[in-house]
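Colleague: In this note's numbering, the protein residues as written are 43 to 132.
Worth flagging that the hints you see were computed from the coordinates, not collected in a lab. Treat the hints with care, since some could be wrong.
[Claimed, not checked] Cross-link-like lysine-lysine pairs, in silico, DSSO-like; alpha carbons within 30 Å at most: (1) Lys-74 x Lys-115; (2) Lys-120 x Lys-74; (3) Lys-114 x Lys-74.
Predicted, not measured: the structure shown is a model, and the values here were computed from it.
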Amino acid sequence: MFSIFLMLLGWQELVCTFDAVQYGTTVQALQKEGIPCRTRTIHFGSATQRTGTFYALGENPARSMEYQIFVKKADFPKAQLILQGRLHSL
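Take the sequences, apply the hints, and build the full model.
Modeller: Pasting the structure below:
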């Protein structure tokens, strides 16, 4: 629901990842270039994980958090160039 709401307000999903390092690097790069962004984190883990007990059988803890990064549609092409490392080479 949150994603749809952002899209209706003129935001577009730039990155969707399960990697926290990639998420942090992306947000820092966007902030460095002055591009506003919105983020969303989704927890796919079981309730037992949140309460501190064992993981559910077959659950992959590396895939329990999904990170989404949204930018304004007008900033989307510039944000793509930033992530590709080509912004300042143009």
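Colleague: Confirm or reject each hint.
Modeller: A quick look at each hint next to the structure:
In summary, the hint linking Lys-74 to Lys-115 is supported, as the alpha carbons are separated by about 18 Å, within the 30 Å threshold. Using a Cα cut-off of 30 Å, the hinted pair Lys-120 and Lys-74 holds, with the two alpha carbons roughly 13 Å apart. Restraint check for Lys-114 and Lys-74: the C-alpha separation of about 16 Å stays at or below 30 Å, so the hint holds.
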